[in-house]
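J.: As you go down the protein sequences, you meet chains S and R in turn.
Anchor point for the first sequence: position 123 equals 123 in the numbering used here, and the numbering is continuous, going up by one each time.
Anchor point for the second sequence: position 19 equals 19 in the numbering used here, and the numbering is continuous, going up by one each time.
Note that these hints are calculated values from the structure, not bench results.
Just to be clear, a hint being listed does not mean it is correct.
As the list claims (entries may be wrong) - Listed next, with one range per pair, are the computed distances between beta-carbon atoms: (1) R:Val54 / S:Asn137: 15 to 25 Å; (2) S:Gly89 / R:Val54: 44 to 54 Å; (3) S:Val176 / R:Ala51: 16 to 26 Å; (4) R:Val10 / S:Trp92: 18 to 28 Å; (5) S:Phe99 / R:Ala51: 28 to 38 Å; (6) S:Gln93 / R:Ile52: 33 to 43 Å; (7) S:Ile135 / R:Ala18: 18 to 28 Å; (8) S:Gly181 / R:Val54: 16 to 26 Å.
To be verified - Calculated Cβ distances over 10 Å to all of chain S for the following chain R residues: (9) Leu8; (10) Leu14; (11) Val24; (12) Gly32; (13) Ala67.
Unchecked claim - Chain S side only, calculated, beta carbon under 10 Å to chain R, not exhaustive: (14) Ile147; (15) Arg150; (16) Leu179.
Beta carbons are placed, not taken as given, at the ideal position from N, Cα and C, and that holds for glycine.
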Amino acid sequence: MLIAILAYRPIYRQMFYLADLTQKQEITAQARTEEATETKGSDRVTTVKDHPGLHRRHQRGRNQNHHRCRRRLLAPKEETTRYVTLGSGAFWQMTFLVFIQIFFVTMVYGPIAAFLVEVFPTRIRYTSMSLPYHIGNGIFGGLTPYIASRIVEANKGTSETYYMDGLWYPIAIAAVSFLIGLVYLSNKAEYDIGDD
Amino acid sequence: MDTLKRILGVVWALLGPAVIIGMVWRAATELGQVKPEKVQETYIFWIIVIAIFVPIAIGLTLFGFYACATNTKPSSRPDLSVA
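Looking at chain S on its own, in the form it has when it is part of the complex (with noise of 0.2 Å):
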């Protein structure tokens, strides 16, 4: 849980690096047609460009077109979609970086049943593990998507690495279960874990 705590921030840092189109270096740019493929750097940038006078050449052009060049020449307002298709180094460096996490994942799922079977005496078992395996499973993490994507939106524009502030939330949560299970909790059953 350490780990993971100290690891969110740098592993998040260099997923979006990895996706970053401002490191890359642009080799080609052809933004004449409406959708162009250009390479940068290993990866594959897909642009998509909307701009009146492509729309106005589409309605000379094609007339069952007529409707949507019509309706989009009243917004001549140019717009830009990108998606990036990462390159196969940056790829395998993003699959790596997944399957830290999913690591991270296993490592906490993997002992938590038979640990909290050890951890409370039989009669008070079920309550005591239903009650906090539930609220960590459903409402921390269940809120944390809603949570952290709320914080980045209210941080948007106070600092540079405003994207990196929705971690902050599943930092502390973890950050307190850590110290938590660190200080309050030992790895001896403490009681007869058999029938009572």
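Let chain S serve as the given structure and place chain R on it in line with the hints.
T.: For chain R alone, coordinates are given in the frame of chain S:
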């Protein structure tokens, strides 16, 4: 170790109310300066967060209270020992 448990117990006991006050304060601040088109989503977020995390913070306070007020050694808890 027992001293550390008690000291941290005080920390947890204080962290609970701090979280509740912090959440309510932040919610009030954000709702006070919210843009008209974002009123609904801001309300939904804070209603969900406060409704869910206030009981958890109360639980954390109770945990801290018992961590600092009771002897945590199993031998001193005959009600929990089976042998």
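J.: Now tell me if each hint is right for this structure.
T.: Comparing the hints with the structure gives:
{"no.": "1", "hint": "R:Val54 / S:Asn137: 15 to 25 Å", "verdict": "holds (20 Å)"}
{"no.": "2", "hint": "S:Gly89 / R:Val54: 44 to 54 Å", "verdict": "holds (48 Å)"}
{"no.": "3", "hint": "S:Val176 / R:Ala51: 16 to 26 Å", "verdict": "holds (20 Å)"}
{"no.": "4", "hint": "R:Val10 / S:Trp92: 18 to 28 Å", "verdict": "violated (48 Å)"}
{"no.": "5", "hint": "S:Phe99 / R:Ala51: 28 to 38 Å", "verdict": "holds (37 Å)"}
{"no.": "6", "hint": "S:Gln93 / R:Ile52: 33 to 43 Å", "verdict": "holds (37 Å)"}
{"no.": "7", "hint": "S:Ile135 / R:Ala18: 18 to 28 Å", "verdict": "holds (20 Å)"}
{"no.": "8", "hint": "S:Gly181 / R:Val54: 16 to 26 Å", "verdict": "holds (24 Å)"}
{"no.": "9", "hint": "Leu8", "verdict": "violated (6 Å)"}
{"no.": "10", "hint": "Leu14", "verdict": "holds (13 Å)"}
{"no.": "11", "hint": "Val24", "verdict": "holds (16 Å)"}
{"no.": "12", "hint": "Gly32", "verdict": "holds (14 Å)"}
{"no.": "13", "hint": "Ala67", "verdict": "violated (7 Å)"}
{"no.": "14", "hint": "Ile147", "verdict": "holds (7 Å)"}
{"no.": "15", "hint": "Arg150", "verdict": "holds (6 Å)"}
{"no.": "16", "hint": "Leu179", "verdict": "holds (7 Å)"}
Consistency note: the structure conflicts with the earlier hints numbered 4, 9, 13.
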